[in-house]
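Enquirer: Model the full structure from these sequences, guided by the hints.
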Amino acid sequence: MNETNARGVRRRSVEIVVPVYNEAHVLADSIGRLHAYLEASFPFPFRITVADNASTDATWQAATELTLRLPHVHAVHLDAKGRGRALKHVWSRSTADVVAYMDVDLSTGLAGFLPLVAPLLSGHSDVAIGSRLHRQADVVRGPKREFVSRSYNALLKLGLAALPHSRLRSSGGTPISDAQCGFKAVRTDVFRALEPHIQDNSWFFDTELLVLAQRNRLRIHEVPVDWVDDPDSRVDIVRTALADLRGVRRMLRAGLTGRSRIPVPHRVPAQGHTPVGAPQHISSPVPSLEYAS
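Using my numbering, the first residue of the sequence shown is number 28, and each one after it goes up by one.
Simulated from the structure, these hints should not be mistaken for lab results.
Some hints here could point you the wrong way.
[Claimed, not checked] Now the in silico label distances, taken between C-beta atoms and shown as ranges:
#: 1; residue 1: 165; residue 2: 63; range: 21 to 29 Å
#: 2; residue 1: 162; residue 2: 66; range: 31 to 39 Å
#: 3; residue 1: 138; residue 2: 53; range: 17 to 25 Å
Beta carbons: idealized from backbone N, C-alpha and C, even for Gly.
Expert: Next up, the structure:
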């Protein structure tokens, strides 16, 4: 993934994580489509990492088979569930300049990926998020799911308003409309500075990352996306929303006032990375891991 141009200058790169849990039935098709799209149209070096969150079906087998067939695909297996846990593990060890993630159902149009990461690669932004609720977004989903999603985001904004210096806004000053869209990216050095302060290992991870970025005056770039609801999605929106609101309450109880600043360097040299290769086992509380490449 660390490639150089004709002048011998290292090209900036991106690692895309796809967290999965019991997705053996769709994994090969989704990763195959993503790999083909990026190979054909993405102008930067990239790696796709499938992060298996303790699946109980054949997901890990399907993931390892993909690593043998597709040159830019790698896989990691965690023995505990949690989207945030998977992203923390892969992002903190990445050798790429920018790390990103997307949902395995590819509900978000892939044409939005380059606009998502380009401001990070150019140095104009620190964090980038896709939005299904942006006025320029094109979203196809049922009225019930639309109502629940918009209601949740309204409640989330209300809860965050109680946290000083945590009202989510993009670098342009406009309010962030969709904190939970499964389509985000961040500069790797910035994430390493924020990661020790992110407590959530599940769905609230996204919001906690954005709150910390906002409170440290990082530049947040929001991109409207094309999004088609996956009718087979097993994400429980109501349950997820309640868990996230509990996360807001936890942050309030913890007394996060925004006074403390996290030193976020302009750039951190890559060091201490865990190579993708042989299986690894890490003792509790960090879950044991396996890798395939």
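Enquirer: Work down the list of hints and note, for each, if the structure agrees.
Expert: Now for the hints, and whether the structure bears them out:
Residue 165 and residue 63 have their C-beta atoms about 23 Å apart, which keeps the hinted 21 to 29 Å range intact. Checking the proposed 31 to 39 Å range against residue 162 and residue 66 shows it holds: the Cβ atoms sit about 33 Å from each other. In this structure the supplied range 17 to 25 Å holds for residue 138 paired with residue 53, their Cβ-Cβ distance being about 20 Å.
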